[in-house]
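S.K.: Protein sequence lines correspond, in order, to chains A and B.
Taking UniProt numbering, I'd label the letters of the first sequence as residues 1 to 423.
Taking UniProt numbering, I'd label the letters of the second sequence as residues 1 to 423.
Since the hints were derived computationally from the structure, they do not count as laboratory data.
Be a bit skeptical, because a hint or two may be false.
Unchecked claim - No more than 25 angstroms apart at the CA atoms, straight line, and that leaves these computed lysine to any residue pairs for SDA-like:
(1) A:K412 - B:R76
(2) B:K214 - B:G382
(3) A:K279 - B:V421
(4) B:K412 - A:A303
(5) A:K412 - B:K322
(6) A:K322 - A:A303
(7) B:K322 - B:R76
(8) A:K412 - B:D380
(9) B:K412 - A:T337
(10) B:K214 - A:V226
(11) B:K248 - B:H280
(12) B:K412 - A:R360
(13) B:K363 - A:R360
(14) B:K248 - A:K279
Claimed, not checked - Which residues of chain B face chain A? A few of them, derived with a C-beta cut under 8 angstroms, are:
(15) G124
(16) N255
(17) D366
(18) M397
Cβ coordinates follow ideal geometry from the N, Cα and C atoms, glycine included.
Protein chains: 2
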Amino acid sequence: MKDLTQNDADALIAKLGAAARDAAIVLAEATAERKHAALISAADAIIASEDAILDANAEDMRFAEAKGLSPSMLDRLKLDPARIRAMAEGLRSVAAQPDPVGRVLTEWDRPNGLHIQRVATPLGVIGVIYESRPNVTADAAALALKSGNAVILRGGSESLHSSAAIHKALATGLKDAGLPEAAIQLVPTRDREAVAALLRAQGLIDVIVPRGGKGLVGLVQREARVPVFAHLEGICHVYADGDADLEKARRVVLNSKTRRTGICGAAECLLIDRAFFAKHGGVLVQDLLDAGVEVRADGELSAISGTVAADPSDFGQEFLDKIIAVKLVDGVPDAITHIRRYGSGHTESILTENDATAERFFKGLDSAILMRNASTQFADGGEFGMGAEIGIATGKMHARGPVGAEQLTSFKYLVTGDGTVRT
Amino acid sequence: MKDLTQNDADALIAKLGAAARDAAIVLAEATAERKHAALISAADAIIASEDAILDANAEDMRFAEAKGLSPSMLDRLKLDPARIRAMAEGLRSVAAQPDPVGRVLTEWDRPNGLHIQRVATPLGVIGVIYESRPNVTADAAALALKSGNAVILRGGSESLHSSAAIHKALATGLKDAGLPEAAIQLVPTRDREAVAALLRAQGLIDVIVPRGGKGLVGLVQREARVPVFAHLEGICHVYADGDADLEKARRVVLNSKTRRTGICGAAECLLIDRAFFAKHGGVLVQDLLDAGVEVRADGELSAISGTVAADPSDFGQEFLDKIIAVKLVDGVPDAITHIRRYGSGHTESILTENDATAERFFKGLDSAILMRNASTQFADGGEFGMGAEIGIATGKMHARGPVGAEQLTSFKYLVTGDGTVRT
Chain A
1 MKDLTQNDAD ALIAKLGAAA RDAAIVLAEA TAERKHAALI SAADAIIASE
51 DAILDANAED MRFAEAKGLS PSMLDRLKLD PARIRAMAEG LRSVAAQPDP
101 VGRVLTEWDR PNGLHIQRVA TPLGVIGVIY ESRPNVTADA AALALKSGNA
151 VILRGGSESL HSSAAIHKAL ATGLKDAGLP EAAIQLVPTR DREAVAALLR
201 AQGLIDVIVP RGGKGLVGLV QREARVPVFA HLEGICHVYA DGDADLEKAR
251 RVVLNSKTRR TGICGAAECL LIDRAFFAKH GGVLVQDLLD AGVEVRADGE
301 LSAISGTVAA DPSDFGQEFL DKIIAVKLVD GVPDAITHIR RYGSGHTESI
351 LTENDATAER FFKGLDSAIL MRNASTQFAD GGEFGMGAEI GIATGKMHAR
401 GPVGAEQLTS FKYLVTGDGT VRT
Chain B
1 MKDLTQNDAD ALIAKLGAAA RDAAIVLAEA TAERKHAALI SAADAIIASE
51 DAILDANAED MRFAEAKGLS PSMLDRLKLD PARIRAMAEG LRSVAAQPDP
101 VGRVLTEWDR PNGLHIQRVA TPLGVIGVIY ESRPNVTADA AALALKSGNA
151 VILRGGSESL HSSAAIHKAL ATGLKDAGLP EAAIQLVPTR DREAVAALLR
201 AQGLIDVIVP RGGKGLVGLV QREARVPVFA HLEGICHVYA DGDADLEKAR
251 RVVLNSKTRR TGICGAAECL LIDRAFFAKH GGVLVQDLLD AGVEVRADGE
301 LSAISGTVAA DPSDFGQEFL DKIIAVKLVD GVPDAITHIR RYGSGHTESI
351 LTENDATAER FFKGLDSAIL MRNASTQFAD GGEFGMGAEI GIATGKMHAR
401 GPVGAEQLTS FKYLVTGDGT VRT
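The following block holds chain A by itself, in its conformation from the complex:
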């Protein structure tokens, strides 16, 4: 949908951005208690608004069905009482986290008597661009508020009414706590030009977080003139080393692939050390086949009955489905080379009982998350204990891995002297 001119869209975002910047100044000084109160009050308001949210969602569903959205898109859009309760729980769980703002990150004294502190501060204004899941409205707003940032939310056009109803409850929370309503703003239009305007809003928006598929994230990464926290793909690898414990390996491989196949932390490629294969044969492949996974096997692994021969393009693929590429490698150096070439820097796991081999894997790779004897499906802010995440970043600037409230902060230096001058 495009009706707004570029100028109209820029003016709209400039207006939202200016209000957000003013709100950010108030938020930066807001006490932990006040932000906590706003989150709890917003959670209560979400529960109290269940009927209104469901009505709004029904309207969005009619629109989306008429538009012919896929069943999985419709499922993401759909709200029910359980999902509304989960949203409120999410707000309470973020509220319960320690406040990340004002923490003294480090401090030291200088020989001249100066005392220097590095103290966490909010980033400022965060833009969140997401697709059809309306719950992102609540999750992203909660993390932004917790970290003292103003947020401008731009939900998928399909979820406009649902997001507006959720936003109304969040506004109640802000109001109850005496915080400015512009702390959480929703872009009030389905027009796509508003997304383009957000992406070029240098000086108004400090960071953009896209939540959605590769199409959305790729667009944001290409077009944004402001910093972006994101991952384009989660091409996660599991490497079964010759020194792996067989039972742990079987458990972790199966869980990494099959627990949920549509999340970015799902394994897309299994690398099997020739030494492992010599000891244990194709057991890992057989487990996957037995679980109904399509196994695209390279080289001699394709001799295992039930597999299909891998195409070179299967390596470096994000299937997000019950499909996995498997390949034999010559120990950890070969695994590292493969992952460096085909990985997306998201999450990789090594299965080994050998500390030196694990260390080599940890040192030789530079993905955001490296695991040992653990499922790649743990790549998640909640599982990391961050309360929630606004997304997972594979860039190396500022935030990396699961982005929780702490990663939405910057810092400043506070220097105290006693009439101290530089000679």
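Dock chain B against chain A, hints included.
M.R.: Here is chain B on its own, set in the frame of chain A:
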């Protein structure tokens, strides 16, 4: 100077960038000892190459004089034995700092038995674009190497021969320590198109650090498609509160303005609380006048003999000279409002004995560095105890304030389980 086509320049930077990325992989795994050895050996090589460096510098000086460079530019370009020794000392001082790579930044356990560590890693490849000071070649290379990053240096066209001679010594250090020579590369051309190519080298360069005047920094900030650590201006404020100690205030104001006027941490504006003025009159202004500073005074301060009346444009000006703008304000709230409006987010100092007032200043402002009873001239990585700095950043992403080796790192998560799967 422009002879390269855009394609030629992109190809040149792609070649340097690919070599840098390969070197970065080796550097990321290099031990602290090896990097230390390379820095010490490079320092020795700089001392041993004194004659060659001076010869190269003489050639640059002839070129620069023929080009009609200003005396201050010529002074920045000029090397002598003392400046060469200082460069070698800089390398040794960076070597002596703790190695920032591999530090466990934080770690915690999860109820399911997972142990999570956040560990410092190099950023990757750093591009440094600088003007005529040839010593930046050594300083920037040292900080990049210490933090395990490869660096591509693009010095001012005037300093091409000096930088090449210094670079040769640095290469000796790398070679002696068995590190790849592509860890420190110099763009081998005066062509300006190479700068443009660096700025658009997404995927090859992880961050650009510009070192130089407002023209260079502004160009880099406008054009870069990769992240930039920089400050455009240092419009630093000193606020003399009504509760200031008079003698400390006199000392700090004078030092903040006059110690060196050409650095980014020099004060450009003095805000005097009306309560301070009522107690002490124009003593701070008189001190500045006595030190030969041109005082551009607002309102009733302009009645002080020797001042000139301030123009509105004097506020928010970076003079980098013996000039200061002064103004009366109504306490710390008014000072905060003024600084928020006119400051550049670099460094501000409050002079007060009142803890609550100081805290209000620290909370209400969001400059990279806030000081109390200390000279703004301390805004410097060396003075912060970082050994050296590659620059000062006023952005809020990743690095902020003085950028030392530690700020040139990112992190990754290392997660250890015991066959742990997600339910």
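S.K.: Does B:D380 lie within 25 angstroms of A:K412 when you go C-alpha to C-alpha?
M.R.: holds, 14 angstroms
S.K.: Would the hint on B:M397 be counted as holding, given a Cβ-Cβ threshold of 8 angstroms to chain A?
M.R.: holds, 5 angstroms
S.K.: Is the hinted pair B:K214 and A:V226 satisfied, with a Cα-Cα distance of at most 25 angstroms?
M.R.: holds, 21 angstroms
S.K.: For a C-alpha distance cap of 25 angstroms, please report whether A:K322 and A:A303 respect it.
M.R.: holds, 20 angstroms
S.K.: Hint check: A:K279 vs B:V421, CA-CA at most 25 angstroms. Holds or violated?
M.R.: It holds: about 23 angstroms lies between the C-alpha atoms, which stays within 25 angstroms.
S.K.: Check the hint pairing B:K412 with A:T337 against an upper bound of 25 angstroms on the C-alpha distance.
M.R.: holds, 18 angstroms
S.K.: Given the hinted pair B:K412 and A:R360, is their alpha-carbon gap at most 25 angstroms?
M.R.: holds, 15 angstroms
S.K.: Does B:G124 pass the interface hint, meaning its C-beta sits closer than 8 angstroms to a C-beta of chain A?
M.R.: holds, 6 angstroms
S.K.: Please check whether B:N255 passes as an interface residue: C-beta within 8 angstroms of a C-beta belonging to chain A.
M.R.: holds, 4 angstroms
S.K.: Holds or violated: B:D366 as interface residue toward chain A, Cβ cutoff 8 angstroms?
M.R.: holds, 6 angstroms
S.K.: Does B:K363 pair with A:R360 here, judged by a C-alpha cut-off of 25 angstroms?
M.R.: Status violated; Cα separation ~44 angstroms.
S.K.: Taken at face value, is the distance from the CA of B:K322 to the CA of A:K412 at most 25 angstroms?
M.R.: Given pair A:K412, B:K322 is violated - Cα atoms ~28 angstroms apart, limit 25 angstroms.
Hint compliance for this structure: hints 1, 4, 5, 13 and 14 are not met, and every other hint is.
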